[in-house]
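The listed protein sequences derive, respectively, from chains A and B.
For the first sequence, the tail end lands on 115 under our numbering, and the numbers increase by one without skipping.
For the second sequence, the tail end lands on 1472 under our numbering, and the numbers increase by one without skipping.
Think of the hints as simulated: they come from the structure by calculation, not from any bench.
Positions of the beta carbon are idealized from the N, C-alpha and C atoms, including for glycine.
A portion of the hints provided could be inaccurate.
Said to hold, decoys possible - Some, not all, of what chain A presents toward chain B, calculated at C-beta under 8 Å:
id, residue
1, Thr23
2, Lys25
3, Thr79
4, Leu98
5, Gly103
To be verified - Computed footprint of chain B on chain A; a stretch qualifies when at least three of its residues, placed anywhere within it, have a C-beta under 8 Å from a C-beta of chain B:
id, region
6, 35–43
7, 81–93
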Amino acid sequence: MIYSLCLLLILVGLYGVAVSRNTLKIVIGLLIMEHGVHLLLILIGYRTAGSPPIMDPGTTATDFSGSAVDPLPQALVLTSIVIGLGVLALMAALCVRLYERYGTFDIRAMTRLRG
Amino acid sequence: MAFLLPLLARGRPVVSDCLANGTLAGLTIMAFATIGVESLYHMGAWPTPIGIDLRLDPLASLMLIAVNVVGLAAGIYSIDYMRRYTDKHRYYCLFLLLVAGMNGVILAGDLFNLYVLMEIAAVASYALVAFGCERDELEASFKYSVLGTLASSFILIGVALVYGMAGTLNMAHIASRVSESGMGPSLHIAMALFLCGFGLKAALVPFHAWLPDAHPSAPAPVSAMLSGVLIKAIGIYVLARLIYNVFGAGEGVLEVLRWLAVISMVAGGLLATGQTDMKRLFAYSSISQVGYIVLGLGLGTTLGVVGALYHLVNHSVFKSLLFLNAGTVEYATGSRNLEQLGGLNRLIPVTGATSLVASMSIAGIPPFNGFWSKLIIIVACVQGGSYGFAAVAVVMSVVTLAYQLKVQRHAFFAAQPPASVAVHEEPRLMATAMVALAIGCMALSMLVLAGLSSPFLVGPAARTLVAGVFAS
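Chain B extracted, bound-state conformation:
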C-alpha cells in the first residue's frame, strides 16, 4: 500500500487519505486480534534454522497494539493537518513505511530481519522529519540521519560479532547457543555495541542529542509517531528483547541500564523546564520518560518490567496526544513559542481539555494511567533496594508536573496576550483523533483493575520478558 499511494493518489488528496487511513485502521484491528495468540510463522515454509521466522508473543501483541493505535490516531490527525504541506500522497507513503517498519521490528524473530526493518522505519523517519524542507527541518533531519546511520553501523558490527560467535541469526537459536557456551568477550563487546546503537534509537542520555532537534521539526503527527512509538519500538523494545530473551539479563548490563536511565530522567526533565518552544519541551520530556521505562527494565524483577512496559504503553498514548496538541496549537495560532501564546482554553477548547488530560497523566496524578505506571516502577525500585533511584524517580515526577504546568499555564490558562495572532478553529478530524487518544489514556488506567502487579495486557507481556532466554 505504501508503494501504491504515490501512483494512485497523485493529484487527489482525498484518495490518499482514504487508502492510508483505511490501511491503518485495518492494521489496528489486526493488532487487537493478536491478543492472546502466540505463534511462530516460518516465512516461505522453510524450517527454522534455515528460514526466517516471525514470532508473535504477548510482548509483541502489546507493542503492536501501541504502535497501530497511535499510528491510526496520527493518520486521522494528518488528514487535516497536512493540508498545509504539498505532496500529501508522498507523506502517506512514508508514514505507512514507518508503521510497516515498526510492525516488522516487533514481529521479527531473526536478528538481521530486525535490522533491515528497523532501517526501513528509520529511513522513512529521516525523510519525514525533513518533510517541510525549511532550514530547521533540514538541519534537524541531517543531524538525525547522520547519528542514526552511525547507530545502525554499530548495530551491524554487533550483529556481525554475534553471528561470528553463534553461527546463526535466529534469535531463539542464538539464545540456546549463548546459554550453552556463556557470554564470551566478543558477546560482551556485541552487547556494548547494541547498547550504543539501540540506545541512540531509544534516546538514552549520552545518545540523545538528535531528539530535541528532530522531534520539534517534524510535522506534528510525525512527531507524535516518532516520540510516541518509534523510540520505543526500535529502541527500547529491541534492547529489552536482546537483553532478556536472547542474551540473558546479566547483572552488569542491568546496572548500566539503571544508571543510564537515571541520568536520562534527570537530564531530560531538568532541560525540559527551561524550554520556551512547546514541542522542544515535550521532546526533552520524552527523554525523561524513556529514562523511567529503562529504569524499570533495568531492575530485572517482574514488577519492574511490568511497570516499564505499562509506562511504555502509557507514554505512547499521552506523549503522542501532547504532540498532537502542540500541532493543533501551531495550526491554530501559527506559533509554538510559549511566551507568545495565551488564553487558548477558550479558543480551542478540545485541545485544552485533552492536553489537560495528557499533562495530568504524564505528571502522575492519581486516577490517570501515568500515576499507576510510575507507582509500579517506584515500588519496584524500593523492593529491589535501590532507594536512591526511587527517590530520584519521585523528584523527577514532581519536575515533570512542573514543566507540564508551565505549558498549561502559558498556553492555555493565561489571559490572551494583547498582540495575539489570529486563531483558527480546530478542524473536526484533528479534534477526533485527540479525543480518541485522551479516551485511550483514561481507558489505560483501567488496566490495573486486574491487579497492581499484573495489569491486563501488560502482565503476560512482562512474563514473556522475565521468563528469560527463549525456549526454541
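Next comes chain A alone, as it looks inside the complex:
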C-alpha cells in the first residue's frame, strides 16, 4: 500500500518535469521525483515494528540484526540526498543564467537548438 504512494510521488514528479513550462518548476519536479525514489529506498529497508538502527551498549549483534531496520538503504539515501543537492545547485544556477539571457523562465522561448 505504502509502496504505491511512493510510486505516486515519483509519478507526480515525472508529470511535473514533463508538463511544466517554467524551468524552476521542472527543477522542482525533478526534486519531488528524487524524494519519491529516496522514500522507495528507505521503504525497502523497512521492517514492520523495527527499531532504529542504533546499537545500544547492552544488545548483542544477533538481537540487533533481528530487530532493527536495515541501515544500508538509509546510508544510500543520505549519499543520494547530497548528490541531489549538488545537481539542484547546478540547475538553479543554470535557471538564473537562462533568465539573464532570455529574460523569461518559459522554456518555450528557449528553442534555438533544433534539427
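Keeping the supplied structure of chain A fixed, place chain B upon it in accordance with the hints.
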C-alpha cells in the same frame, strides 16, 4: 587534485595547465600499467560482503586506457583552446572530476559506488557543457541535466529493486544470488529501468535527444571527452557489465539491445547527413556509432563482443579526434557552419590531415582501425544469422562515408569562399594533441595483428564479458 586547482591556480593559468596535465599524464601511465593485471581491492580492508570493492579485470584495463588516453589528449588540447574562456582553473577542476568519475565507474565493483561515481562524472559534465555561458550552451546544459537527472533517478529505482531482491550491492554477490534464484519479475523491471537510465547516458535512440544539443555546445575538448568516452564509460560499459556479468545475458534483453542499436544506427546516420553545423553532425554520428557498438554487444557471441569493444575503443579515439578538429576549425575561423567554410586544407594543414585520417577510420576504409572493428561486427551478425542487421550495418557504413565526405569536402577541400573570415594559425599544442590521436588511430589498427577474432587487448576484455556471471 581536482579540488586543489581552484585554490592554487587562481590567477596564473600556467600553474593549472601543468598540474592538470601532469595528473592526466600520470593517470595514463597508470592505466597502461594495468594491462595484464587482475585484482580485487577491498577499500578500508573490510572483507567483501561488508566493504566496497574495486575490481580490475581486462575489460576494466581496456576502458581505463581509452578514458585516460583521450583525457590526456583533450587536456593537452585545452591548454591552448581554453585561452578564449575565463576561469581556466575551474575548467580544469571540472575536467579532472569528469576523468575521476569515469575512472571510478570503470573500476567499481559495487552497484551503489558505481552510481555515485557516475553522478560525479555526470554533474561535472553538465557544468562543463554550460561552460561558455552563452544562450546555446545554457539551453543545451539545462536539457542535458534534466534528462540526465531523470535517467539517474530511474537507475536509482533500479538499484533499489535489485537491493530489495538480492540483499547486497556488491556486483559479484548479486550475480551469485541471481544465478541461484533466477530473474524474478522485480529484476526484469530493474533491468528495464537500467536499460532506460543507462541507455540515456549512452544515447541509444529513444533516449538520445540531449546529445545533439549538448555535444556541439560544449567547448571542443569537453565535446571530445563527452562523445569519445563519457557515453561509453558510464553508458555502454555499465550496461555491458550489468547484462553480461551480473544478470546473465538473457535472450530477451539481447534482442531489445539489438533492435535499439539498429534504430540508433539508422536514425543517427540519416539525421547526420542533413546537418550544416560540423559538431552537430559529429554528434549525430556518435549516436550512429554507438548503435554499432550496442549491436555487437547485443549479439551475445564472443566475436560480436570483440567487435563491439574494439569499435568502442576505436570510436573513442577517432571521434574525439574529429571533435578536436572541429574545435580547431572553430578556433581558426570562428565558424562551425559547413556552408561558410572552405579551403582549410591549405590554411590549417595539420587539422586537415588528421581529420582525413579520422574520417577514413570512422567510415571504415581498409587499413584504418574502423574497418576492422566494423568488419568484425558485420561478420558476427552474419554468423549469428541476423542477415538483416548485417545489411543495415553495411548500408549505414556507406552513409557514414557520405557524411564524412560532406565534411571533408565543405570544410577542407573546397575552394576558399570569397567572403572568407580571417584564419588564425593552429597553435602547436592543439596540433600535437590531434597528431597524437591520429597516430593512436593508426596504431589501433595494429591490434588485429594478433588475429581477427581476438585482437591484442580487446580479446581478453571480451572474454571477461562473455565468461558470464561473475565468479565471486
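Verification of the supplied hints:
Interface restraint check for threonine 23 of chain A: the shortest CB-CB distance to chain B comes to about 7 Å, inside 8 Å, so the restraint holds. With 8 Å as the threshold, the beta carbon of lysine 25 of chain A stays out of range of chain B, its nearest partner Cβ sitting at about 11 Å, so the hint is violated. Using the Cβ-Cβ criterion of 8 Å, the hint placing threonine 79 of chain A at the interface with chain B is satisfied: the shortest such distance is roughly 6 Å. Taking 8 Å as the C-beta contact cut-off toward chain B, the hint placing leucine 98 of chain A at the interface holds, the least distance being around 5 Å.
Contact between glycine 103 of chain A and chain B, as hinted, is not supported at the beta carbon level, the nearest pair being about 11 Å apart and thus beyond 8 Å. Note: the region 35–43 of chain A has 3 residues with beta-carbon separation from chain B under 8 Å; the three-residue rule is met and the coverage holds. Only residues whose C-beta sits within less than 8 Å of a C-beta in chain B count toward coverage, and the region 81–93 of chain A has 5 of them, enough to reach three; the restraint holds.
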